[in-house]
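Could you slot chain A onto chain P? The hints should help.
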Amino acid sequence: AQSVTQLGSHVSVSEGALVLLRCNYSSSVPPYLFWYVQYPNQGLQLLLKYTTGATLVKGINGFEAEFKKSETSFHLTKPSAHMSDAAEYFCAVRRGVYNTDKLIFGTGTRLQVFP
Amino acid sequence: DAGVTQSPTHLIKTRGQQVTLRCSPKSGHDTVSWYQQALGQGPQFIFQYYEEEERQRGNFPDRFSGHQFPNYSSELNVNALLLGDSALYLCASSPPRWGPMNTEAFFGQGTRLTVV
Numbered sequence: 271a272q273s274v275t276q277l278g279s280h281v282s283v284s285e286g287a288l289v290l291l292r293c294n295y296s297s298s299v300p301p302y303l304f305w306y307v308q309y310p311n312q313g314l315q316l317l318l319k320y321t322t323g324a325t326l327v328k329g330i331n332g333f334e335a336e337f338k339k340s341e342t343s344f345h346l347t348k349p350s351a352h353m354s355d356a357a358e359y360f361c362a363v364r365r366g367v368y369n370t371d372k373l374i375f376g377t378g379t380r381l382q383v384f385p
Numbered sequence: 193d194a195g196v197t198q199s200p201t202h203l204i205k206t207r208g209q210q211v212t213l214r215c216s217p218k219s220g221h222d223t224v225s226w227y228q229q230a231l232g233q234g235p236q237f238i239f240q241y242y243e244e245e246e247r248q249r250g251n252f253p254d255r256f257s258g259h260q261f262p263n264y265s266s267e268l269n270v271n272a273l274l275l276g277d278s279a280l281y282l283c284a285s286s287p288p289r290w291g292p293m294n295t296e297a298f299f300g301q302g303t304r305l306t307v308v
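Going down the list, the protein sequences come from chains P and A.
Counted the way the numbering used here counts, the first sequence spans residues 271 to 385.
Counted the way the numbering used here counts, the second sequence spans residues 193 to 308.
Chain P on its own, in the form it takes in the complex (with noise of 0.2 Å):
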C-alpha cells in the first residue's frame, strides 16, 4: 500500500526566508510525486511533479524539490519566500503510470510567511 506522510503541519517563515516542507512516501512500486498548492476557498494546483529521470525537478513559483529513493523523500524548498506562498500544500503519491490513476494525500503543511 502507498501512504505520504508530511512532517509538521504548519511551517512558518519569514519573507525571504527558506522554505522547506517535508513529505515521506512509502511504496513497493517506483512512485510517482506530487505537491500540490491549495490557496484558501480553492481547489488543488500542481506545483510540480516527478515521475522518472531527474530527481530534482522544478516548479511553478520558484518551487523545486528533490527524490531521494534512499530516505524515501520528496521534501519542496524555495530559496526565497514571498507573502504569496501562504497557502497549504499537500504531497501525493500515485501508483500508477496513467493520470487517471487515483492520488494518495498527504494531511498537508500550512505555510505561514510574515513579513
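Note that these hints are calculated values from the structure, not bench results.
Please note that the accuracy of each hint is not assured.
Said to hold, decoys possible - Computed list of lysine to any residue pairs in SDA-like fashion (alpha-carbon distance at most 20 Å, straight line): (1) P:Lys-328 with A:Glu-296; (2) P:Lys-319 with A:Glu-296; (3) P:Lys-319 with A:Phe-237; (4) P:Lys-319 with P:Tyr-368.
Same frame as chain P, now just chain A:
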C-alpha cells in the same frame, strides 16, 4: 477554457438528507475523479468515472454514488447524510489515457458541504 467547474460552491444540508454535487470537466478531458477533503485533512479518493462507468473506488460506503453523462460531466450523490460528511468535495478531470502522458489531472475549486 473554463477549466473544471463545480456547482454549487457551498451547500448546507440536514442529517439524513440527500445531496447531489455537479462537475463539468476541462475541455478535452473524459475522466472525472471525486475526492473528499475533510477539515484539516488531505483529499481522499472517492471514485472515478470513465465512459459513463465507475472504474475505481476508494474506501467509501455505498451511500456515495455517482454518474457520468455522455458529455463527460459528472454527479456525486450522497444519501442519508451524516455530520461526518461535512467536507470540501473536489472534482478532478483527466485527459484521455492515450493523450500526452505529461498532462496531469486538473482540479476544480470544490463544493463545500456542511451537514447540520
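How the hints compare with the structure:
1. P:Lys-328 with A:Glu-296: 16 Å, holds
2. P:Lys-319 with A:Glu-296: 9 Å, holds
3. P:Lys-319 with A:Phe-237: The hint holds at about 19 Å.
4. P:Lys-319 with P:Tyr-368: 13 Å, holds
The structure is consistent with each of the numbered hints, conforming to all of them.
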